[in-house]
Amino acid sequence: MHLSILESGTEEKRSPNSEWRRVVRGLRKSPLAVLGSVIIGILIAMAIFAPFLAPYSPTKMRLSERLSPPSSRHIFGTDDVGRDILSRVIYGSRISLRICTVVVGLTIGIGTILGVTAGYLGGWVDELIMRISDVFLAFPALILAMAIAAALGPSLDNVILAMVVIWWPRYARVARGQVLVLREIDYMVAAKALGVSGCRTFIHHILPNCISPIIIQATLDLGEVLLTAATLSFIGFGAQPPTPEWGAMISLGRNYLRDNWWYATFPGLAILVTVMGFNLLGDAARDVLDPRLRRSP
Amino acid sequence: MLRRSLLVMLSVALVAAFSLTVLASSEDGVLVFGATGELRTLDPHVSVDNNAWRAIYYCYDRLVEFKLGTTELVPGLATSWDIADDGLTYTFHLREGIKFIDGTPFNAEAVKFNFDRLFAMGLAPAGTFGFVDKVEVVDDYAVNFVLKEAFIPGISSFATDQGCIVSPGVMEHDVAGDWGQDWLAEHSAGTGPFFVDEWTHGVRVVLARNDSYWGEPAKLEKVSIRYIPEAADLRMLLETGEVDIGEKLTVDQIEAMKGTSGITVFEAPSFCCHYVYMNCQRPYLNDVRVRQAISYAVNYDGIINDLWRGTATQMRGPIPVGLVGHDENVFQYQQDLEKARELLADAGYPGGGFTLKIMHAPVIPEWRPMALVIQEGLAEIGIKLEIESYAWATLRDKLNTGDFDMSHGYWTPDYADADMFTWYWFYSQNWGLAGNRSWYKNVVMDKLVTQSRIEVDPDKRLALFQGIQWISVGDAAYLYLLQANYQIVMRDWVKGYVYNPMLLNMPNFPGMYIEK
Amino acid sequence: MIIPIVLGVLSITFLISHIVPGDAAQLMAGPRATPEIIERIRRESGLDRPLYVQFGMYISELFKGDLGKSILTRRPVLADIVDYFPATFELTTVAMLFTVIVGIPLGIISAVHKDKILDQLSRLGSVIGVSMPIFWLGLLLMLFFYVRLGILPGPGRITGEPPAHITGLFILDSVLTGNWRALVDSLSHLVMPAFVLGYAVLARVVRMMRSSMLDVFSQDYIQTARAKGLREGSVIRKHALRNALIPTLTVIGLSYGELLGGAVATELIFAWPGMAHYVVGSMRTLDFPAVMGVTLVIALVYILVNLLVDISYAFIDPRIRY
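Chain order of the listed sequences is U, Z and D. Its first residue numbered 1, the first sequence is counted upward by one per residue in my numbering. Its first residue numbered 1, the second sequence is counted upward by one per residue in my numbering. Its first residue numbered 1, the third sequence is counted upward by one per residue in my numbering.
Bound conformation, chain U alone (with noise of 0.2 Å):
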């Protein structure tokens, strides 16, 4: 009963409902979003139905046919083992989504638990959580990623592990950050006073008003976790053949550029746009919640 009152209290100011409406608000108005949106839409899409998109298997080699340059037969050419890239950069579609969801969706929640508890506990905890992602942060990232790739053996899931392990401090810092800032508001204060259970207060208050931020800033990173995974493969790093990874394509397409440029050009234009999708979109959020903005005439 006494919560209700609690609520009721903060409704307006902190919802993340009314926070959700107003981004989404704010998104429709601005035509670099929504040129984001289509992007991320059509990404998906092409995710799912890969296997009715794609003319052909992305694995199916035919050597006669390696280095055809594009035509009604292949669209976007094919490589240096006879395999049809555009099918290739269909099915591409899958692995880097799988990159984002699974390097973003980890990092959320390590770094959300471990910020979270970081900004609520206070303390030694806290001193120590944040001087350990202090460390992360000062990391060069693609470096340190390099190493944990090139130590635990290239390959995809290898890439993914090193990119949660650099990721995680952002994410720990933009939760502690909104938890230090609702410990002072005066409903938790109350809320302690009532003797509201600190597990209570954690699931109903805290974790609801971090996810706003947490998934701005997810946005704003998924292209970054996408041009990172591109630039390990491309180094050598990364997914392993016949895994028809973007970066991969690329690396492997550019002692090909100068003759057969559509081994790596397609792959390119593919990262360029879907990062190019997930950062408009990320950028347009941004700028939405952007407090500073507001009040700009």
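Derived by calculation from the structure, the hints in this document are not laboratory data. Treat the hints loosely; a few may be bogus.
Quick partial rundown of chain D residues pointing at chain U, CB under 7 Å, derived from the structure [unchecked claim]: (1) Ser131; (2) Met132; (3) Pro133; (4) Met283; (5) Ile298; (6) Val301.
Subject to a maximum C-alpha distance of 30 Å in a straight line, what follows is the list of computed DSS-like cross-link-like pairs (lysine-lysine) [stated by the list, open to error]: (7) Lys148(Z) with Lys441(Z); (8) Lys238(D) with Lys64(D); (9) Lys222(Z) with Lys148(Z); (10) Lys29(U) with Lys114(D); (11) Lys357(Z) with Lys60(U); (12) Lys29(U) with Lys116(D); (13) Lys134(Z) with Lys112(Z); (14) Lys60(U) with Lys112(Z); (15) Lys99(Z) with Lys112(Z); (16) Lys441(Z) with Lys495(Z); (17) Lys384(Z) with Lys357(Z); (18) Lys384(Z) with Lys60(U); (19) Lys67(Z) with Lys495(Z).
Some chain D residues judged to face chain U by a derived CB distance under 8 Å, without partners named [stated by the list, open to error]: (20) Val9; (21) Thr13; (22) Phe14; (23) Ile16; (24) Leu121; (25) Leu124; (26) Gly125; (27) Leu143; (28) Leu172; (29) Leu176; (30) Thr250; (31) Gly261; (32) Leu286; (33) Leu296.
Quick caveat: nothing in here was measured; it's all calculated off a predicted structure. Note that the Cβ used here is the ideal one computed from N, Cα and C, for glycine as well.
Please build the complex by placing chains Z and D on the supplied structure of chain U, with the hints as guidance.
Frame of chain U; chains Z and D shown alone:
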């Protein structure tokens, strides 16, 4: 602010345009070699890397040398040599009146110093002379090598990069008993036609002509070996003429450059063999029928004609064409899926139904597509092949510990003898990196390969090699894929290039020149 | 504060480097080395000792200024870094200058024309940059400007003779020695890699500049200045810019880390003999003393750059005094 930034951008563009006039002004006496591999040390007693040998080799001389373009041995720093009847002692008679570039005289003591240094440091190049027991100075210009056991091909080891004779003067640079390693890693101290003039790490090594060379002086004033990590970049530089000659480009790149005006592609057979190790100690692969089935399942034509675009020859047993001992009648596997399936069924795996893994390393870009073709062939007979790529060091470690099913590999001989392919590949004491990378053991084979090392009669030796080749094909411990052609791309104005199959990646800089 | 972070960075790298399934001693000995040779090297390099002892040894050597020896070059890692660092530093610094010089005006334009077509264009342009796979853009540009058009030089830092070695920074060295040919040569080699690298972080600067300008615009004193009848241009220059620069500076400092990361791909594509390039080579061959050294230096540079950014606030914002 805006105007200023525009100004800056404009001036950058101007600078760039202006720079064109400065570009491409290479001098005639300087050869620019583009290398995609980076060298790490210039010490011949440390390095076992062709990229470094390219820079090292012509800064030194050796007791014996390969005759230009052949595997035949001719006098070098030694004017002649005798091999004792029991094959246990080599005596070298040394050339007189030669000085190292640092002024130290060359004599028997200097030769002994080199082998002392090599063995005391005990690094990989020392392994090439593992058959040497001790080195004795006979007089100022004669030196004896006493061997642990007779070793027929031993003499040609002295012509390899590991046999470079370094000046004893390097001991002046000795730091804490390191035999001058730190210093020699970045300098040269030989009697050769060139010396190391400059090494800017990660950029280039510049060799300059040794004007006091005792033999015929080099034609070029300088050789600048530029490090270009990306093959795509190297190709661009060759096309614009900024680089005169370079390697390695991919087969497809070279194929595309053939016929480009101003570009010459040199191509010749080499002893470089690409093959696949099949770990005989692993389940499935420990059955000879499975290994034979795999050998029948591979699309050799696709690999050689499509991937390698015909710039390779399918291997016929372990000894490559061109080496004495090669038997052109040895059985050669061809893709025969029916036969492969039968053999699998014989072995108790009708329809396959098991999974194997194959390792490759991205440093050899040809391996990945080859692995894909093998994967496809094995899929036809029901074997699932997973491809794994590893860092070079990790791959080697796994080979050495036997922690793999199948792996890509290549082999180039250190000395021009079939022994490099038989003893190393099949002797069961050589399991792991040493050479028997299929972890193969056959008692008969063990006898044959050790016998062939010491057999003095050439005809008997040939018969031994023949036996080895037939057994090795039947036992199918390796997947005998291909013997690659050596290809190098150069500008038309590069003259005097002579290829030597024993000195892969090490062009004859002293004889080369530029004629524009 | 710096020391514990650096120690943390080092211990993580060290840990990672020792779970690698590659035998460092085997690596040092090279192929076809006998087991005795390998065993001796293992003993001499202390590779047979427990991990924490090895780490302790490393740290104590570190405090003496010794970063250890590279497994492959057998040279002191510090010497290698001294060779490779200037190239990276020059590249990232020029890339950063590019970002600042282009990014700040773009941000201002965006802010002044908020939500109009110019704003959308400048944002789209910078978002494309941050979304572009660096290695792909680098390849395309080189193919076009070097091979096709021939108006920009190809891979590498310089085509002709490098300037006399003083600092290792080619621009600085050629200015110091008055070697104008080398200056032009090395500057023209910087155009593409610096552009590619800088373009990747441009979006952050534009975005930050735009939002802080908008923030400043809404402040009372700007409204006052406008009310006084000052022209818009002078309002922006005299009042808004200074205040908007501070948050942008922070972002630039943070972006430096990303530049260092982006340098990996850039250096590979442009055959740039820098540290990132060196570290990729070391990583591929599992030469971990080299990897540790580079990680240390990069972490230090990153921390220092951010410290510098903090200090530079004092010059821009008179309210902050150190």
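### Query
What hints, given by number in increasing order, does this structure fail?
Numbers 6, 8, 9, 14, 16, 22, 24, 26, 28, 29, 30 and 33, in rising order.
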